[in-house]
Amino acid sequence: MTPKERMAIPPQAMPEQDAKARAHNMNEVALGYTAEMAKTEASRCMQCPTKPCMQGCPVAINIPGFLAKAAAGDFAGALKIIRETSLLPAVCGRVCPQEKQCQKFCTMGKLMKDADKAVAIGRVERFCADLARESGTEEPVACAPKTGKKIAVIGSGPASITCAADCAKAGHSVTMFEAFHKCGGVLVYGIPEFRLPKEIVRHEIDGLRSIGVEIDTNFVVGRTRRLKDLMEKDGFDAVFVGTGAGLPKFMDIEGENLNGVFSANEYLTRANLMKAYLDGEAATPFWHGKKVAVLGGGNVAMDASRMALRLGAEKVYLIYRRSEAEMPARREEVHHAKEEGVEFHMLENAKRILGDDKGFVSGIECLRYELGEPDASGRRSPVAIAGSEFTLDVDTVVVAVGNASNPLIPATTEGLEVNKRGNIVVDPETNMTSIPGVFAGGDIVLGAATVILAMGEGRKAAAGINAYLSK
Amino acid sequence: MQLMNRIISKKQLSENVFRMEIEAPLIAGERKPGQFIILMVDEELGERIPLTIADADTGRGTITIIFQTVGATTMKLARKEVGDSLPAVLGPLGRPTSIRGLNGEKPGRVVCVGGGIGVAPMHPIAQALKAAGNEVTIIMGARNVGLFVMKEEMEKIAGDRLILVTDDGSSGRKGLVTDPLKELCEAGAVDEVIAIGPPIMMKFCALATKPYGVKTVASLNTIMIDGTGMCGGCRVSVGGKTKFVCVDGPEFDAHEVDWDLMLKRMGAFKPQESAAREHACNLFKGI
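Protein chains in written order, with this note's numbering: chain A, 2 to 472; chain Y, 6 to 292.
Calculated from the structure, these hints are not laboratory results. Among these hints, one or two may not hold up.
Unchecked claim - Listing some non-contacts, in silico: residues in chain Y with all C-beta distances to chain A over 10 angstroms:
| hint | residue |
| --- | --- |
| 1 | A93 |
| 2 | P97 |
| 3 | G218 |
| 4 | R240 |
| 5 | K269 |
| 6 | F274 |
What the hints assert, rightly or not - Subject to a maximum C-alpha distance of 27 angstroms in a straight line, what follows is the list of computed DSSO-like cross-link-like pairs (lysine-lysine):
| hint | chain 1 | residue 1 | chain 2 | residue 2 |
| --- | --- | --- | --- | --- |
| 7 | A | K359 | Y | K248 |
| 8 | Y | K269 | A | K291 |
| 9 | Y | K269 | A | K250 |
To be verified - Partner residues are not named here, just some residues of chain A that face chain Y (Cβ under 7 angstroms, in silico):
| hint | residue |
| --- | --- |
| 10 | T148 |
| 11 | A180 |
| 12 | L248 |
| 13 | M252 |
| 14 | N266 |
| 15 | E282 |
| 16 | P286 |
| 17 | G360 |
Every residue, glycine too, gets a C-beta built ideally from N, C-alpha and C.
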């Protein structure tokens with residue numbers, strides 16, 4: 002096919018649930034391509050010899066390679082190529098910010114002068130992974146002969162899942178420790194069912210079990226057992242710390258401790274992990290907000306806003322102090338949130354939260370902002386407009402302004418070096434920490450980042466562990 | 006390392022209060038006075054509730070909890086029998102108590118005030134205080150004589166320095182725990198107070214000791230989900246700063262805690278909790 006012919010192929014839209022209907026159910030919003038759509042979309046790839054898309058992928062998936070297979074209808078072959086560098090394609094195909102990664106560099110998007118018309122790499126990736134999972138045709142994972150070495154993996158989010166899988170494949174005995182009663186970390190407590198079905202996460206965890214990874218839930222390393230005891234008393238030869246960025250930030254404004262103010266972590270954990278949305282069935286109570294303000298502009302803010310709608314909110318205001326262009330959320334999530342009825346309040350920020358005499362939220366006072374000079378992040382910094390205060394009538398406020406790293410392991414592990422933000426310091430080549438044999442990766446090292454970056458870190462750490470143990 | 010969480014023994018202490026010994030060797034080995042656990046009775050649809058540790062036996066690998074059936078989950082827990090396993094027991098959580106005599110401060114005269122089942126978590130703390138060379142006075146308060154828990158254990162620690170107080174005078178003094186507490190402070194016989202019980206009791210203990218400038222610590226039992234600092238649902242205001250009870254506490258300077266805020270926050274889910282309790286009551290009535 003000539004480039005011109007490829008350009009003539011229409012971009013394949015993602016089939017989705019109707020916006021009005023889906024705003025009131027928990028089912029997945031994006032329904033996934035058909036095989037025909039996946040083939041058509043994949044055939045839009047120009048097969049550029051320079052492979053610019055790959056430089057946008059944090060784990061450098063051979064994108065033109067797998068798209069060529071998919072275009073030929075060889076989805077198993079495509080998946081095999083993806084799996085060379087990515088462990089969680091069904092997850093990443095859904096949650097990666099592709100428009101900032103691979104698709105940002107796509108030649109097709111550039112030729113069409115519209116980044117939204119880049120090849121939908123993530124959607125094809127998702128299709129390949131879903132097809133194999135649903136048809137039960139995934140290739141069995143081959144593990145090297147047993148090395149006799151024991152690895153402890155702390156946490157069960159994307160970094161830990163990847164590290165555990167790679168270590169098990171290398172022949173080590175792996176035990177994964179999770180503080181919650183279910184595995185998956187942010188994939189189960191944070192990202193909602195309507196964006197990432199939990200069945201997919203369960204499938205990945207089952208996959209770990211099938212290659213011999215032992216899983217201890219309800220086990221909080223640092224408290225149930227200290228990290229050093231795992232090595233000194235329990236015989237683990239190496240430890241991977243993938244405990245994530247689980248310490249919610251608040252705004253530090255008046256009224257933040259009123260009833261009806263939640264961290265996004267709490268709001269989403271109640272709904273997702275504790276299944277509070279099954280009203281009357283789940284024991285964890287849920288907060289039935291009718292008018293909800295969500296503070297923030299990232300994916301978590303989108304998830305919380307859309308969850309609020311699904312739990313019966315009549316009004317959901319998304320309040321973000323910059324403009325939409327600066328929002329860190331995936332473009333698709335922003336688009337979905339708007340379609341479902343979330344009201345976007347850009348260039349506004351909460352000044353204080355108002356309460357009634359019983360301590361419940363009764364409103365939120367905001368300030369309007371304008372964009373000033375670029376700040377350290379390169380984004381134009383928001384500047385408050387003096388005297389622009391106004392009040393929104395709300396009964397619920399969800400704070401989704403990010404997470405700091407969870408301090409539990411550093412606080413209970415002597416000699417583990419952290420930086421001033423509390424992130425564990427690692428050797429960039431091997432991901433080994435200041436303690437020999439202890440490795441770390443994911444958000445606990447990077448600060449709050451993305452699933453695919455965490456996965457890449459887990460993979461790098463596993464390579465570091467293998468090298469360390471073969472010395 | 007499979008954690009069985011099997012119930013080894015169970016005893017009903019009063020109409021609504023139960024004592025359970027649970028197999029949890031790692032928690033038994035690691036726990037220190039002041040720490041707590043989070044447990045679930047049903048892993049799929051259950052809730053996570055924090056409960057304090059009343060005792061532990063490292064030889065048997067067990068921990069003891071004492072709980073009151075105040076909500077749907079504790080009602081379900083009370084129906085579990087010896088030999089049953091709990092699907093989730095997480096711990097020990099929170100910072101251990103800073104024990105006078107071991108924390109750099111000289112041993113002294115410490116008054117432990119336990120209200121209702123707040124006596125249970127006080128037990129290991131009082132034990133440790135005694136072992137560290139403090140003179141330990143224990144004030145136990147309850148609505149009536151039938152609601153005292155761990156009286157013998159506390160007597161063993163405090164001897165004749167055990168003061169019983171009941172609302173109705175059915176045992177010990179009639180009145181409130183703050184009455185003897187104030188008298189002791191008035192006599193200048195107190196270096197430190199630790200209070201554990203209903204928030205309203207802890208609030209009034211703090212108010213009682215404040216005029217005397219006696220260091221007072223309270224152990225807070227707020228609503229929690231994860232217990233590891235991830236959700237922030239347990240936040241309280243201490244000295245004007247927001248703190249997470251699960252990781253910064255559970256013990257705080259009682260004079261610095263914003264008690265009114267905490268009391269309000271404890272009521273955040275009252276309607277839902279009442280409905281769930283009623284539902285559980287009706288469910289169990291028929292059995």
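Going down the list of hints, with the structure as the test:
Chain A draws A93 (chain Y) into its interface by the beta-carbon criterion, the shortest separation being 4 angstroms against a cut-off of 10 angstroms. In this structure P97 (chain Y) is not separated from chain A by more than 10 angstroms, as the shortest Cβ-Cβ distance comes to only about 6 angstroms. Non-interface call for G218 (chain Y) relative to chain A: holds, since the shortest CB-CB distance, roughly 27 angstroms, exceeds 10 angstroms. In this structure R240 (chain Y) is not separated from chain A by more than 10 angstroms, as the shortest Cβ-Cβ distance comes to only about 6 angstroms.
For K269 (chain Y), the requirement that its beta carbon stay farther than 10 angstroms from each beta carbon of chain A is not met, with the minimum near 3 angstroms. Against chain A, the non-interface label of F274 (chain Y) is violated: not every CB pair exceeds 10 angstroms, the least being about 4 angstroms. Under the criterion of a C-alpha separation no larger than 27 angstroms, the hint pairing K359 (chain A) with K248 (chain Y) is consistent with the structure, at around 21 angstroms. As the CA atoms of K269 (chain Y) and K291 (chain A) are separated by approximately 20 angstroms, the hinted pair is consistent with the 27 angstroms bound.
Restraint check for K269 (chain Y) and K250 (chain A): the C-alpha separation of about 22 angstroms stays at or below 27 angstroms, so the hint holds. The criterion of a C-beta within 7 angstroms of any C-beta in chain Y is not met by T148 (chain A), whose closest approach is roughly 20 angstroms, and the hint is violated. For A180 (chain A), the interface hint holds, the least distance from its beta-carbon to any beta-carbon of chain Y being 5 angstroms, beneath 7 angstroms. Checking L248 (chain A) against chain Y by beta carbon gives a least distance of about 5 angstroms; that is within 7 angstroms, so the hint holds.
Taking 7 angstroms as the C-beta contact cut-off toward chain Y, the hint placing M252 (chain A) at the interface is violated, the least distance being around 11 angstroms. A hinted interface residue such as N266 (chain A) counts as satisfied when its beta carbon comes closer than 7 angstroms to some beta carbon of chain Y; here the least separation is about 5 angstroms, so the hint holds. The restraint placing E282 (chain A) at the interface with chain Y holds, with a minimum CB-CB distance near 6 angstroms, inside the 7 angstroms limit. Interface restraint check for P286 (chain A): the shortest CB-CB distance to chain Y comes to about 4 angstroms, inside 7 angstroms, so the restraint holds.
At a threshold of 7 angstroms, the smallest CB-CB gap from G360 (chain A) to chain Y is about 3 angstroms, leaving the interface hint in force.
The structure fails hints 1, 2, 4, 5, 6, 10, 13 (numbered hints given earlier, in ascending order).
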